[in-house]
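Colleague: Chains as they are written, first to last, in my numbering: chain A, 69 to 706; chain B, 35 to 316.
These are computed hints drawn from the structure, not numbers from a lab. Misleading hints may appear alongside valid ones.
To be verified - Computed cross-link-like contacts, DSSO-like style, restricted to lysine-lysine with a CA-CA straight-line distance of at most 30 Å: (1) Lys254/B x Lys476/A; (2) Lys144/B x Lys254/B; (3) Lys476/A x Lys305/B; (4) Lys76/A x Lys606/A; (5) Lys386/A x Lys434/A; (6) Lys262/B x Lys138/B; (7) Lys583/A x Lys606/A; (8) Lys434/A x Lys250/A; (9) Lys138/B x Lys476/A; (10) Lys476/A x Lys284/B.
As the list claims (entries may be wrong) - Computed Cβ-Cβ distance ranges for the label pairs, DEER-style: (11) Asn99/B x Leu127/A: 57 to 65 Å; (12) Thr180/B x Leu127/A: 54 to 62 Å; (13) Thr180/B x Leu351/A: 32 to 40 Å; (14) Leu449/A x Asn181/B: 33 to 41 Å.
Said to hold, decoys possible - Derived list of chain B stretches under chain A, where covered just means 3 residues or more per stretch with a C-beta under 8 Å from a C-beta of chain A: (15) 213-221; (16) 292-305.
Cβ coordinates follow ideal geometry from the N, Cα and C atoms, glycine included.
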Amino acid sequence: MTEQNDTKASSRAVREKAIKSVWLATALISAAAVVFILGYLIYTALPAFAEVGISGFLLNTDWNPTGSTPSYGIAALIVDTLLVTLGALIFAVPLGLAAAVYLSYLAPPKIRDTVKPIIELLAGIPSVVYGFFGMVVLCNFLRVALDIPSGFCWLAASVILGIMALPTIVSVSEDALFAVPKDYKEASLGLGATYWHTISRVLLPAAASGISAAVVLGMGRAIGETMAVMMVAGNAAIIPDPIWNVLSPVRTLTATLGIEMAEVATGSMHYYALFGVAVVLLLITLIVNLASAWVIKRTQTGSKTGSLISSKTKRYLKLAAATAAAVIFFCFLVASLGILWAIGISATVAAWYFGRKKVSHKIAEKSSFLLIYACTAGVILILAIILWDIFSNGLPVISWEFLTESPKDLGRAGGIYPAIIGTLQLVAGAIIIALPVGIGAAIYLIEYSRENFLTKALRTGNDLLNGTPSIVFGLFGFAFFVIYLNWGICMLAGQICLALMILPTIVRTTEEALKAVPNAQREASLGLGATKWQTIRKVVLPSAAPGILTGAILSVGRAAGETAPIMFTAVVFTKRFVSMNVFDPVMALPFHLFVLSTSVPGATPQQYGTAVVLIVIVMAIYLAAIFLRRHYQNKLLR
Amino acid sequence: MRSFKSSHKSGLAALLAAAVLVLVVLTAGCVSTPAEDDVSGTISLAGSTTVLPVAQAVAEVYMNNHQSADIQISGGGSGVGVTAITAGTADIGMLSRDLKETEKTGNDFKEYVIGRDGIAIIANPANTVSELTIAQVKDIYQGKITNWKEVGGADAVIVLVGRDSASGTREFFTEFVLNKEDSAKTMQELNSNGAVQKSVAQTPGAIGYVSLEYVDGTVKAFTIDGIKPSVATVIDGTYKINRPLLMITKGEATGLAKSYLDFILSSDGQKILSENGFVPIA
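Just chain A, same shape as in the assembly (with noise of 0.2 Å):
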């Protein structure tokens, strides 16, 4: 009997190890895809390396490949990354954050239960719409306004990609202020602090780490960003001059890879290049990465280690950082809006600095509001122009016709059915495939791991697979899956692409609902026997559905608009039959609109459609994933 019982035990011990080691195994496919793609893609750019050297192709600033003597440096296009980079978060941090104050502080609750959620759903609008309003509409803007032979610029990339930012910067604040502790504003109103005071002085800093959190998510959204930016930049490769004119045309790197790599000859010294592009982009993202997450856990560890420079010298480090700031806010404001303009908003500003201390602090308060309103109000009017010239526009092309036919004269007529149906077979595969797989890493580092050197490894590569631009996963499966595995362009391809990219989100919203879950409901079920895995099937993960569900929405959601991934990979243009084999290409939404706006000329109402249907899709998917949380949330405070 005993020795049954012992065999039985031991049998069960062995299962419990197997479906650890299982976990463990799903937790190491993020870290191990990072080291893939990254290994396999400087695999590929060797070529170019041993051909320019590693210097020449990061200091030269001609990029050249197809020029009577090519030349392959990158410099130009690395310099423009940055400050693409940097003037997307001089327009948006400031505009996302005083959005973010007035929703926490200053709105009334209805308000802001209604505004939080609208400007979450704009997180959701497909980059390629972004880039195609910035086309049509922006850039034109731009040039009549300012008086400029072109519209195509750092400006107007700027621009687009802090509009595509503001959400996540918006929310992401927006949810770290609403964290402070309550007592923080009534020990400093208690204190006769006015309000203003304590939310500048007491709330905000309070946030800080969120915040910082935020304008890191913004700043990798708008360096991995590939269709917007190349259908906006005007894509010259030079460094602008002189360096701060906002009104040059500009390339990053992301868009070199857009545009040139469907084109290239593969196996040319060109094509070995753009992977070297790819080597630099991904790399620069790895850095901002591992940074940012340092300086996030130093602003939450607080300053407890000691600071390693005196505070005299902090204090002339921050001068001198305000004063190089100024300069170059200056040197912008010049550059984009003439002297006298630059001049006079100079003014203003140090006006208000130097004069604040004069002012009552009513008045303070109250201009500092009315600021924070304006800035709020042009954060809805800049997403609200956007949403009504692509909804007016396309609103009328939409009929049944439309949404049920094939395409007919390269899209000029007909409808997109097939392009919906391919974009539902793309994010299911991707969810079917990223779904297990996420949850079982979050389940090992939740349930089964320690803090300890492997779970950090593990978790620093979920990370930087988040931080990986799109982009990127298309080059890889167009230079892994589709040309070394031979399979083509096909489904299963972009699925995967696609899966890799949704993988971070789902195992991070999935640890985030396991960390939810009472320890107490655990040790309840483990005290009446229930071994480790019956009590995480059971207990655990029931409990958790609902988070791990909204995880998995909010990523089709992603999955659904995203077009650089799939456009070297999965799809094609024109398809007569819907097929179920993943080893057939599919028509795809995003692609359909890119080539629509980009090769098909005469075809503006379609592109209007296109983008509705894109956008209502992803949008009901990430409404659906609102509700849920709202519906769960309402559960909890019951």
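Starting from the known structure of chain A, arrange chain B on it as the hints suggest.
Modeller: Frame of chain A; chain B shown alone:
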């Protein structure tokens, strides 16, 4: 506890519902009844975005005549066309340039010239200049002429718009118009004919180059050395800026691929070609 349990149930229900919905949608589209036909099956074309529209237009007519044939066309670019044929991932490659020697070595390609394509130099309709010489175009693209007043127009800065460095159109333009010299670095690089057309259409000072078919009401084409670009002037040989459009296969084409190529080269196919702004072969 009760609310927790019901919440987990409705969560699962939602998941289930979503799964069913996805399945229904996925299966909804795959009802296709192959009719009895001489040629059937699926072929894929990949390559030049210049050839894509006409290949598609021809394919649509072809597929109407052959109900069970499925011709899938993807763009990419001339390079992708060659790659796809080399790798065997597409049946027909589309090129808007000649095959390079490096691409020919080791591969048994069969080339079909399906038509010719005139390259028009375009400007915004508001531009008062309407005639240029090839030499002037060259100087403009090399940054030696930077203002429209230098060629008899208004005092406005010339905005150079061109194609990306991997483009077959750019390669042809560089060879034929610029004598293989580089264009000015300030040239804005866009990755398709349509993008160039759109950019020129909304930028009063811009100049660009596109396939003839992209010359519509939104842009105007320059008369070059006294010749207006059109299908007719390319055919009679007076408009010199034109190039061949190619389709390539690995070895001799067979089955549906052969049937499709035959159709393009037939008089019906060539008619579709010229309706789309391309130049039929004699």
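Colleague: Now tell me if each hint is right for this structure.
Modeller: Here is what the structure says about each hint:
Distance restraint check for lysine 254/B and lysine 476/A: the Cα-Cα separation of roughly 27 Å lies within the 30 Å cut-off, and the hinted pair is therefore satisfied. Pair hint lysine 144/B plus lysine 254/B does not hold up; C-alpha atoms about 37 Å apart against a cutoff of 30 Å. A hinted pair counts as satisfied when its Cα atoms are at most 30 Å apart, and lysine 476/A with lysine 305/B qualifies at roughly 18 Å. Taken as a hint, the lysine 76/A and lysine 606/A pair is honoured in the structure, with Cα atoms around 21 Å apart against an allowance of 30 Å.
For the hint pairing lysine 386/A with lysine 434/A, the CA-to-CA distance comes to about 28 Å; that is within 30 Å, so the pair holds. Distance check on the hinted pair: lysine 262/B and lysine 138/B sit about 35 Å apart at the alpha-carbon level, beyond 30 Å; violated. In summary, the hint linking lysine 583/A to lysine 606/A is supported, as the alpha carbons are separated by about 16 Å, within the 30 Å threshold. At most 30 Å may separate the alpha-carbon atoms for a hinted pair to count; lysine 434/A and lysine 250/A meet this at roughly 23 Å.
A hinted pair counts as satisfied when its Cα atoms are at most 30 Å apart, and lysine 138/B with lysine 476/A does not qualify at roughly 35 Å. Between lysine 476/A and lysine 284/B the CA atoms are separated by roughly 29 Å; this keeps the pair inside 30 Å, and the hint holds. Separation of asparagine 99/B from leucine 127/A is about 58 Å and conforms to the stated range, judged on CB atoms against 57 to 65 Å. Checked against the given bound of 54 to 62 Å, the beta carbons of threonine 180/B and leucine 127/A, roughly 29 Å apart, lie outside it.
A hinted range of 32 to 40 Å holds for the C-beta pair threonine 180/B and leucine 351/A, which are about 38 Å apart. Checked against the given bound of 33 to 41 Å, the beta carbons of leucine 449/A and asparagine 181/B, roughly 37 Å apart, stay inside it. A stretch counts as covered by a chain when three or more of its residues have a beta carbon under 8 Å from one of that chain; for the segment 213-221 of chain B and chain A the count is 6, and the coverage holds. Remark: the segment 292-305 of chain B is not confirmed as covered by chain A, as 0 of its residues place a Cβ nearer than 8 Å to a Cβ of that chain, below the required three.
The structure shown violates the earlier hints numbered 2, 6, 9, 12 and 16.
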